[in-house]
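These protein sequence lines are chains A and B, in that order. Quick note: the first sequence uses my numbering, first residue 1, plus one each step. Quick note: the second sequence uses my numbering, first residue 470, plus one each step.
Everything labelled a hint here was simulated from the structure, so no lab data went into it. Where hints are given, some of them may not hold.
[Unchecked claim] Derived pair list, reagent style BS3-like, types lysine-lysine, alpha-carbon separation capped at 27 Å:
1) A:Lys161 x B:Lys569
2) B:Lys530 x A:Lys438
3) A:Lys164 x B:Lys503
4) B:Lys651 x A:Lys438
5) A:Lys8 x B:Lys651
6) A:Lys161 x A:Lys266
7) A:Lys161 x B:Lys651
[As the list claims (entries may be wrong)] From chain B, some residues computed to sit far from chain A (all C-beta separations above 12 Å):
8) Leu484
9) Thr490
10) Ala514
11) Lys530
12) Trp600
13) Asp605
14) Thr611
15) Arg618
16) Arg677
For every residue, glycine included, the Cβ atom is placed at its ideal position computed from N, Cα and C.
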Amino acid sequence: MPRTLFDKIWDGHCVGQRSDGRDLLYIDRHVLHEAHAHHAFAQLQRQGRAVHRPDLTFAVQDHTVATQPGRDDSTNPSGTAFIQAMREGCRNNGIRLFDIGDPEQGISHVVAPELGIVLPGATHAVPDSHASTVGGVGALAFGCGTSELAHILATQVMALKRPKRMRVRLDGRLGAHVNAKDVALHLIAELGVAGARGYAVEYADEAARAMPIEQRMTLCNLNIEMGGRSGFVAPDDATFAWLAGRPFAPQGALWDRALVHWRTLKTDDDAAFDREVTLDCSALEPQITWGTDPSQVVGISGRVPEPTAFEPSRRAAVESAFAYMGLAPGTPLAGLPVDRVFIGSCTNSRLPDLETAAAVVRGRRVAPGVIAMVVPGSSRVKHEAEAAGLDRIFRDAGFFWGESGCSMCAGGNGDRGRPGERCVSTTNRNFENRQGPKVRTHLASPATAAATAIAGRIADVRQLLVGAA
Amino acid sequence: MQRFSSHTGIAAPLLKDDVNTDQIAPIMHSRSLKEDYKAMLFYRARRRGDGSEDPDFVLNKPQFRAAGILVTGHNFGAGSSRESAVWSMLANDIRVIVAKSFADIYRENCLQNGLLPVVLDPQDADAFIAWVVVADGAEPFTVDLVTQRISGPGGADIAFAIPPADRTRLLEGLDDIGLTLKHMDQIASFERRAADAQPWLQRTSDSRR
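Here chain B stands alone, though its shape is the one from the complex:
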């Protein structure tokens, strides 16, 4: 997995709650196994009814086209578990999402891919949003996972909290499967115990065959 230590980029304010994964990464009309995740990001939200670009959508505004940090409200990433809603962020070089809260599965998908999900408490979030709105894409912000601070133009740093294990995983770019494979002995012994205690769970058979 891609490591994350610090990221500097333009911060784009998407000031809504409950942005869902159907909005972030819509199912495209024409699909393939190798999808264009860059184009997928907010594909419909970026467009007006006639298919032309909507100049009012934040990532279409000139100052935010190359945004590297997305700033948003509560419950970001609700809905479908599709991981394309994270891959499409990374394909657009968005490496940090700062939100008031995340949907559970989306946050996990972020951690699995080296996309930093930062949760600020409501007061800090509102202060940060105000700061981002004033900055208006003129200068970048830096989100540093080592120091757990957000810094930016003309303001005091904002500290953020993150569970230590999640922080380590991102900093070291740990292979999640690799971490678990160290426990294969435990898994095998669980399977042996379960085969005795609840054998109907440790095997499957089609009684018609």
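So that you can see chain A by itself, here it is in the shape it has in the complex:
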């Protein structure tokens, strides 16, 4: 019987079934971060339980670390206890930690694939909802809570109910300056914030295939914003080329053997999905959110919608979003003055994201009064960007160039906007108060964010670059 790639990976990792009917799914790679891990370490210690496979477990400091140059444990005082508890927990349990100061420190979802820790067809878990970022290399990943994190540490499996299968077919070729972020935002607008709830999502077809691996990660990263815990793109030659030679990827004969297996990681023709969605990407323009959830999206040439465009049951939420965002229906998005621009997070902080932004910024200046920040997704990305001179481009334009971490995505490290500020951000959530109390967040791609920083207003990158030509 033809099977989906999801079923192949799931069945290949199913250890058995528990008495409560849940499948026990083996987790090949478990990556922890300091904001949640200390609870789990404390729980296991209380229960006298050991970490079953410290060798398959890795840890990063990302959520609470400061981004200022020369940072240490106490640069963000409210992170110090978390950072130190993480260090102690990893030492006590024999877990490799990419600590502050380590050249491989960074956001877990950026670090795990770039080091080749997570691999095609592998299962992966992180106590963070954006775990499925690594679906971009063809891994099946699950975001989880703290109790599940402790469960994985003790057993190396998750007890899960098998999700349904969804395929999202991305047809057509993306236009210039349109990328995975725009595709994902448009898809969330189409399907809604719960459109993929209960499903594992496979992204397929021309536009997904054409995306470089980093963009596939952006696409899979945003899967949770439509409610899906797991999302992935089947691996292909581009994936294998991207992974080859990465420090934790298999080498030599083992690589050759892995490659033979990885080439089988495909959905069979005629395999059945519980839901199929097709999106034509060819006419898509850059997308941006206008509201307070990631489905409240329009094209960059669009306007804040009228409440009548929504079902009656949604209108109160829409009105509340207008009020929070300080926007009236009918207002064009392009041209809105902004106070802040943030480029970073597990969604858009990999080297090609920074290259795209730098290409827009090169030779230009951040508009007066705008605070603009770039926070690389990992220390390795930062190093590579500096080797390519990108930091100079950003700094010369007036951007802050930070040390790696989650930073303004959730503000857990103290990087926050001020009340009332309008911020264009390459992150994943435009929730109220997320980037600081009363901060008004508009999600967009790195290219749109960079163009906005230069213009001082929400800008269509295509016009900025045409204007320069």
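Mind docking chain B on chain A? Use the hints.
Only chain B this time, still in chain A's reference frame:
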């Protein structure tokens, strides 16, 4: 884990869809390893711009300050996987959330902590919401997991469905890790098979070292 069999409490209507975990349990400016989960619950939603309490927020209203049941719309608990969004409910003695639907990770976090997530179909949910609004905190409701019924002042009981395994886990307060540890033999034999079939997954090594 804390067992759950039945809970009687005031039912507070938070009549919104898509309430996310950033709203339920915001990241506090000053954080510590032992956070004040009681204060964390809806910390910002409870306050106005000047920091004073917002009298219009449902849990600030006198009749709902001691609510034990939260009643809400679709997709409750969307967003971040932070389990503090469940711990902060329990710290406020809210043991039941009745919703039209839950976000996946949030629902799992509820089950892990003995917080009962009740999903009512849209018709029953609307009827229950109307009932809760009329009751207005004057008298409590009881959510009974044994009989799978919600009862309250002056109305007919509403039955609810829950997967039997989830029900058992809550009723018995089962230790989730303990349940899985019974399968360690299977896990060990999986690891042996995987080490032969896909050895690159069963070991990690840094090729630079």
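Tested hints:
Straight-line distance between C-alpha atoms of Lys161 of chain A and Lys569 of chain B comes to about 20 Å, which keeps the hinted pair within the 27 Å bound. Between Lys530 of chain B and Lys438 of chain A the alpha-carbon distance is near 23 Å, which keeps this suggested pair within the 27 Å criterion. Restraint check for Lys164 of chain A and Lys503 of chain B: not satisfied, since their Cα atoms lie roughly 38 Å apart, outside the 27 Å limit. Distance check on the hinted pair: Lys651 of chain B and Lys438 of chain A sit about 49 Å apart at the alpha-carbon level, beyond 27 Å; violated.
The hinted pair formed by Lys8 of chain A and Lys651 of chain B meets the criterion: a straight-line CA distance of about 25 Å does not exceed 27 Å. For the suggested pair Lys161 of chain A and Lys266 of chain A, the alpha carbons sit about 22 Å apart, so the restraint of at most 27 Å is met. The suggested pairing of Lys161 of chain A with Lys651 of chain B holds, with an alpha-carbon distance near 18 Å, which does not exceed 27 Å. Non-interface status of Leu484 of chain B relative to chain A is broken: a Cβ of that chain comes within 12 Å, the nearest being about 9 Å off.
Once the 12 Å rule is applied to beta carbons, Thr490 of chain B is inconsistent with being away from chain A; the minimum gap is 9 Å. Some Cβ of chain A comes within 12 Å of the Cβ of Ala514 of chain B; the nearest lies about 9 Å off, and the non-interface call is violated. Every C-beta of chain A lies more than 12 Å from that of Lys530 of chain B, the closest at about 18 Å, which supports listing it as non-interface. Distance check on Trp600 of chain B: its Cβ is at least 19 Å (rounded) from any Cβ of chain A, clearing the 12 Å threshold; non-interface status holds.
With a least CB separation of 20 Å from chain A, Asp605 of chain B remains clear of the 12 Å interface cut-off, as annotated. Non-interface call for Thr611 of chain B relative to chain A: holds, since the shortest CB-CB distance, roughly 26 Å, exceeds 12 Å. No beta-carbon of chain A comes within 12 Å of the beta-carbon of Arg618 of chain B; the shortest separation is about 23 Å. Arg677 of chain B, annotated as away from the interface, has a beta carbon of chain A within 12 Å; the closest lies near 5 Å.
Taken one by one, the earlier hints fail for this structure at numbers 3, 4, 8, 9, 10 and 16, listed in ascending order.
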